[in-house]
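**Student:** Got chain F sorted already, so can you dock chain G onto it with the hints?
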Amino acid sequence: MHEASSADPATPALEIRRLSFGYAKASPVLSGFDLSLERGEVVAVLGDSGCGKTTLLRLVGGLERPGDGTICIDGRLVADARVCMPAERRSIGYVFQDLALFPHLSVIRNVTFGMRGTPRRSRRTEAEHLLASLGLEGMSERMPGTLSGGQQQRVAVARALASRPRLILLDEPFSAIDTRQRERTRELVIGRLRIAGVATLLVTHNQDEADTLADRIVRIGDRDTSHATSPQHSSIADPARAGPVTGNEPRM
Amino acid sequence: MTLGRSRAGHTRWIIASATVSLLVIVPVAVVLANLARDSGGVWEHLAETRLAEYVGNTIFLGIAVTTIATIIGVATAWLLTACRFPGCGVLTWAQLLPLAVPGYIAAYAMTDLLQFAGPVQTALRSWTGWAGGEYWFPAVRSLPGATVILAMSLYPYVFFAARASFLTLPTSVLEAGRTLGRGSLGTFLSVAMPLAGPAIAASSLLVVMETVADFGTADYCAVDTLATGIYRTWLGLDSIVGAAQLSSLLLMGVLVLIVAESVARGRRRFHQTAARDAKSHRRHLRGFAGIGALAACALPVLLGFALPAGRLLWLAVSSWDPADAERLLGHGRNTVALAGISSVLAVSLAVIVVFTKRLHVGRLPRAIAVACRMGYAIPGPVIAIGLLLALGWIDHRINDASRWLRPDSALPGLLLTGSVTALLIGYQTRFLAVALAVIDTGMLRINRKLDDAARGLGARPGNMLARIHAPLLRASLFAAGLLVFVDVVKELPATLMLRPFNVDTLAVHVYQLASDERLDSAAPAALAIVVVGVLPAIVLHRLLARPVHGQARSRPEQPDA
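Chains F and G, in that order, give the protein sequences. Numbering that gives the first Met the number 0 numbers the first residue of the first sequence as 0 and each following residue consecutively. Numbering that gives the first Met the number 0 numbers the first residue of the second sequence as 0 and each following residue consecutively.
Bound-form chain F, shown alone:
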């Protein structure tokens, strides 16, 4: 149902060019943002709260329309200033900051919710496998409300992966989990994402989290960058860890 592996491997999984967005024209949340993700790459976008990290994910996920710029997934244009492919057709796995598990559905039914491309017979087995690989054996019939924060988080990841998306978006994925569980949850989740080999864009305000999880870190400026008085505030990826920098270049 998706052609993540069939397309030319040189095509980036996600390519964002000169992306701008603002609820009010005077104070844009994002302005001229560029970013590119290779296949299977895990990129962390790091920045303080309110700097437009979540907005970036919402734009890629199809939950907001960009003001300007283009977003391509697997080389295919999904949004620019005029066209905007609806969220339900983008085949993206989105893990929301508050997880947004369906409270009325059991764990297994949450996971199979989006598996429309999988034949009906094998949906359950496949979902069970996925849950097991995330350390959630025997949890299938539980209701989300009865799980711990870390377990809920992994269910949300399983649900996002189940529809075999072309791209995974993680919004502050481990912020709601208590410190004791965080380490293990992180390991399980990132291990699973690596196995899936799916390009992952995660946003976080936690430097440590970005360091441990990502292949590459992109810093998104605090709000002031759009008023860019000092250019050094703009995007600087960590040169020690990252390859070529494709951060945002604030434009006024």
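No lab work stands behind these hints: they were computed from the structure. For each residue, glycine too, the CB sits at the ideal point set by N, CA and C. Keep in mind that a hint or two might mislead.
Pair by pair, the computed Cβ-Cβ distance ranges are [what the hints assert, rightly or not]:
1. F:Ser174 to G:Pro193: 24 to 30 Å
2. G:Gly185 to F:Val82: 18 to 24 Å
3. G:Pro193 to F:Asp47: 47 to 53 Å
4. F:Ser121 to G:Ala366: 52 to 58 Å
**Tutor:** Frame of chain F, contents of chain G only:
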């Protein structure tokens, strides 16, 4: 539980509270007790002739009205919660306006509008050149007519409940549905509907109860239901026992609905896994989609409020006769007096019941509150029959006693059933539940620590009620009083059957004129009822407009019943 220690001081509150519950328990018990009594052949006669029709029409109306009302209520609530389109702001509060027009008044106005000599058909004939009998036109005074009229006046109950629960759905949960490949409709059906399900089911059951309790609409549309049958058996066949037996049949149906409703309410409330986003991400509907949504949300308001109210206004202005003013004013005074006394009484009695429940944590005070809540589900004609039997018995015993004590003096006569006392009691039986629901919800918002603090400072229960709870409950007490006031103004069958001969209210006045086909003379009084009815629509709108956080916080402590 901390208050449970000093039980002794609570006894008088529990006794008072139990006495209040007799208002509901006695008429119900009396009606049911008549089930096995000999009705002098009336029951057999009914069973052979009309009973099947009564039951069939009642069930048909219950199902058809509820289906239509639920579809309209849910659809409008979803469109007005999840989407943005031209006029959606105005239409959101306008959805509550149909509540202002009782079914029987809508039936009168729509009949006048759509009858053969009415403006719509006259215009149709002059445009097309058709003569009478050459075309088909829907009749308001029919079973389908009554169905549509009732659905249009009751769907706001579903709208109210559905919108309140859609508003508490976290945006991200709906967006998760979309990122997982379901479109807007798919997300609505697979996520929003199941989550709002229990609330919608409870409100639909309320619509069924209102429908089977309806007297005025069915009566005017010549649809014979159990409710109209009770009235006819009592008045036409002069058989109160036969009427009581029909009443117990209706009552048993209602009791089944009450059980179903408590099951729907009690069903697992889903643990919210996410908080609602402060920003709303409502979908913009443009072009035809926007116009379609506008039409879908405007049509029920048009049919349920604008057309009937507009027609009444036109009739009232065009056929205004100053000679009627005197009489209208008299009926208005009666109505306001009855409604005013009833609302003060209902609020006071409800405070006793609610406060007892809070004071004394235990099964009995809760059971009393549940019993009082039931009154609202009992149809007006059933309450009237129950009270006529019960109070009539007391009246006769008073006369017996007087005959025995003072054989020479005149008998006191029908002290209760012959005066407004019976009517005032009947209003309490039916509408105490309204005051109770509002005040109970308000009381749950008051932190129990305040009670403990007040007791710790030496306040006795009554003192605490007056100094702590009453001031904090001011808004709830006002809202409760207002809702009871409006319900009394609109109430037709109980008033019709329990009023003394010389007391007419606006509702009875309208009913009598409409029965004589004098719709234009009925218009001013009908319009007055509608104007009064707009008040709770405003109150409900205010309640809906309250921040969601307050609702969410009060959730785990929902009032019982």
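**Student:** Each hint: holds or not?
**Tutor:** Here is what the structure says about each hint:
1. F:Ser174 to G:Pro193: 24 to 30 Å: holds (28 Å)
2. G:Gly185 to F:Val82: 18 to 24 Å: Because 22 Å falls inside the window, the suggested range holds.
3. G:Pro193 to F:Asp47: 47 to 53 Å: violated (38 Å)
4. F:Ser121 to G:Ala366: 52 to 58 Å: holds (53 Å)
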